[in-house]
Every structure is written in C-alpha cells, then in structure tokens.
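Chemist: Sequence:
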Amino acid sequence: MTMDEVITVLSMQEEILQFSHFTNEDAWELGMMLVAESRRRGLDCAVSIRRNNGYAVFKYAGNTTNLNNDRWMDRTFNTVRTLEKSSLLVYSELQKNEETMVDIALDPKEFSCMGGGFPVRVEEVGVVGAIMVTNQNHYINHDIIVKTLGRYLHIDEVPRIRML
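Each residue of the sequence shown is one higher than the one before, counting from 1 in the numbering used here.
Heads up, a few of these hints could be off.
As a list, the in silico DMTMM-like pairs of lysine to aspartate or glutamate whose alpha-carbon atoms are at most 20 Å apart [what the hints assert, rightly or not]:
1. 96 to 70
2. 109 to 70
3. 96 to 5
4. 147 to 37
5. 109 to 124
6. 147 to 44
7. 59 to 5
8. 59 to 93
9. 147 to 29
10. 109 to 123
11. 59 to 157
What follows is a set of in silico ranges between Cβ atoms, one per label pair, in the way DEER data are often shown [claimed, not checked]:
12. 99 to 25: 33 to 41 Å
13. 123 to 156: 28 to 36 Å
14. 12 to 95: 16 to 24 Å
15. 103 to 36: 34 to 42 Å
16. 156 to 26: 18 to 26 Å
These are calculated hints, taken from the structure and not from any lab test.
By construction, the Cβ of each residue, glycine as well, lies at the ideal position given by its N, Cα and C atoms.
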C-alpha cells in the first residue's frame with residue numbers, strides 16, 4: 001500500500017469506528033475484549049482506555065510489560081487527545097510529509113506518534129477519550145484495537161491496512 005492509501009484507510013477506520021455512547025461499563029467490556037484479542041494472537045500487551053481528562057477507566061498490564069509501556073501509553077494518549085486522531089494516522093501523515101513531531105510542535109518527551117492509540121469518538125459529540133495498546137509492533141497494536149472495535153461495535157467490514 002502507498003502512504004496515501006494507508007492514510008485513506010486509517011481515516012476511514014476513524015469514521016466508521018464511532019460509538020453511539022461511551023460509558024465506563026463500555027470501557028470495561030471493550031478493554032477485556034482487547035486483552036482477549038491479544039491473547040488469541042498469542043501476544044502479551046498493556047491496555048489503557050482513558051477519558052479526555054486522563055482518567056483511566058480500564059487498565060491492564062500483561063506479564064511481559066513494564067513501566068516503559070505505561071510511559072509510552074501516556075505519550076500516545078497525549079497525541080490522540082491533542083490531535084483527535086489515531087497515533088498511526090499521525091505517524092503516517094508525518095511520514096508522507098517528511099516531517100517530525102517537532103515540526104508539528106509536539107515534544108517527543110510528551111507525545112508519541114507510533115501506532116497503538118485510537119480515539120474514542122462518540123457520534124454527534126466528538127472525541128471523549130482514547131484507547132491505547134502497547135508491547136507489540138505498532139501496526140499490530142493498532143490492528144488489535146481496530147479489529148476489536150469492529151467486533152465490539154458490530155461492524156462487519158472495517159478496512160484494514162495491509163502492512164501486517
């Protein structure tokens with residue numbers, strides 16, 4: 001896939017994968033599904049679902065994760081909350097435009113632009129939080145989120161990037 005095609009697919013994912021509402025109970029159920037999807041793939045991960053104010057409504061740390069994973073999720077959360085886009089979309093746009101985070105005024109100590117962060121977008125409301133998955137290749141982290149969100153939201157056909 002070309003970078004333009006990747007960006008198109010990532011934008012479509014964000015348009016399609018929207019909630020009609022989002023509660024702490026939704027976060028619990030979705031978080032458990034994210035962990036289950038990771039395990040189904042034979043992978044270990046860390047997962048965090050946070051509201052825009054930073055409040056973690058779901059958090060899981062697999063046995064092979066550590067404090068670095070938690071710090072990475074903090075930086076990824078900052079990216080999703082600030083730009084209201086998935087971190088993989090931001091990464092892809094930077095790659096396409098041959099820019100760095102500094103070029104778009106993001107401090108690499110506070111922000112991360114790699115896959116694994118996805119906005120929690122509620123229809124007719126906007127972005128209310130973020131989902132983060134870490135401990136794998138950043139395309140795999142993103143794919144775990146997208147596949148699980150599609151299942152959770154009962155959306156049969158979610159376009160996926162073919163870099164996996």
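Chemist: Taking the hints in turn, state whether each one holds.
Modeler: Verification of the supplied hints:
In summary, the hint linking residue 96 to residue 70 is not supported, as the alpha carbons are separated by about 28 Å, beyond the 20 Å threshold. At most 20 Å may separate the alpha-carbon atoms for a hinted pair to count; residue 109 and residue 70 meet this at roughly 14 Å. The hinted pair formed by residue 96 and residue 5 meets the criterion: a straight-line CA distance of about 11 Å does not exceed 20 Å. The straight-line distance between the Cα atoms of residue 147 and residue 37 is roughly 8 Å, inside the 20 Å bound, and the hint therefore holds.
Between the alpha carbons of residue 109 and residue 124 the distance comes to roughly 33 Å, so the proposed pair goes past 20 Å and is violated. In summary, the hint linking residue 147 to residue 44 is supported, as the alpha carbons are separated by about 16 Å, within the 20 Å threshold. Proposed proximity of residue 59 and residue 5 is contradicted: the alpha carbons are some 32 Å apart, above 20 Å. Distance check on the hinted pair: residue 59 and residue 93 sit about 28 Å apart at the alpha-carbon level, beyond 20 Å; violated.
Under the criterion of a C-alpha separation no larger than 20 Å, the hint pairing residue 147 with residue 29 is consistent with the structure, at around 15 Å. Proximity of residue 109 to residue 123 is assessed by CA-CA distance (about 32 Å); at most 20 Å being required, the pair is judged violated. For the hint linking residue 59 to residue 157, the alpha-carbon distance of about 28 Å lies beyond 20 Å, and the restraint is violated. Distance hint check: the CB atoms of residue 99 and residue 25 are about 39 Å apart, consistent with the given range 33 to 41 Å.
At about 18 Å, the CB distance of residue 123 to residue 156 disagrees with the hint of 28 to 36 Å. Separated by about 18 Å at the C-beta atoms, residue 12 and residue 95 satisfy the suggested range of 16 to 24 Å. For the pair residue 103 and residue 36, the supplied restraint of 34 to 42 Å holds, since their beta-carbon distance comes to about 38 Å. For residue 156 and residue 26, the hinted distance range of 18 to 26 Å is satisfied, since their beta carbons lie about 20 Å from each other.
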